[in-house]
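Asker: Based on the sequences and whatever the hints tell you, model everything.
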Amino acid sequence: MTDTFPHIAILGGGLLGGSLALALAELERPPQVRLWARREQTLAEAKRRGITHVTHQLEEAIADASLVILAV
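Its first residue numbered 3, the sequence shown is counted upward by one per residue in this note's numbering.
These aren't lab readings, by the way, just hints derived from the structure by calculation.
Possibly wrong hints are sitting among the right ones.
Label-pair distances were calculated between CB atoms; the ranges are [said to hold, decoys possible]:
1) Leu-29 to Asp-66: 15 to 25 Å
2) Ala-27 to Ala-65: 26 to 36 Å
3) Arg-41 to Asp-5: 30 to 40 Å
4) Asp-5 to Glu-42: 27 to 37 Å
5) Gly-52 to Pro-8: 13 to 23 Å
6) Val-70 to Leu-17: 27 to 37 Å
The C-beta atom is built at its ideal place from N, Cα and C for all residues, glycine as well.
Answerer: In structure tokens:
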């Protein structure tokens, strides 16, 4: 998947989006994943769970994304 989609934006930091971001990080060659959420509390929880690229700026999340996943 990394070769096809090197930069993935996940819009929605809840159970579905967060779980998907964590699963992608466990791939042998993981893509760069950016997780977007509206609430700071959601972003803080995502960081605590180990998701490193999180933002509440939609433009930042989708910049240069080769795949955008809506998980809202």
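Asker: Confirm or reject each hint.
Answerer: Structure-based check of each hint:
The hint said 15 to 25 Å for the Cβ distance between Leu-29 and Asp-66, and at roughly 19 Å that hint holds. Between Ala-27 and Ala-65 the CB atoms are about 19 Å apart, so this pair departs from the stated range of 26 to 36 Å. For Arg-41 and Asp-5, the hinted distance range of 30 to 40 Å is satisfied, since their beta carbons lie about 33 Å from each other. Remark: the range hint 27 to 37 Å for Asp-5 to Glu-42 is upheld by a beta-carbon distance near 34 Å.
At roughly 20 Å, the beta carbons of Gly-52 and Pro-8 sit within the given window of 13 to 23 Å. Between Val-70 and Leu-17 the beta carbons are some 19 Å apart, a value that contradicts the proposed interval 27 to 37 Å.
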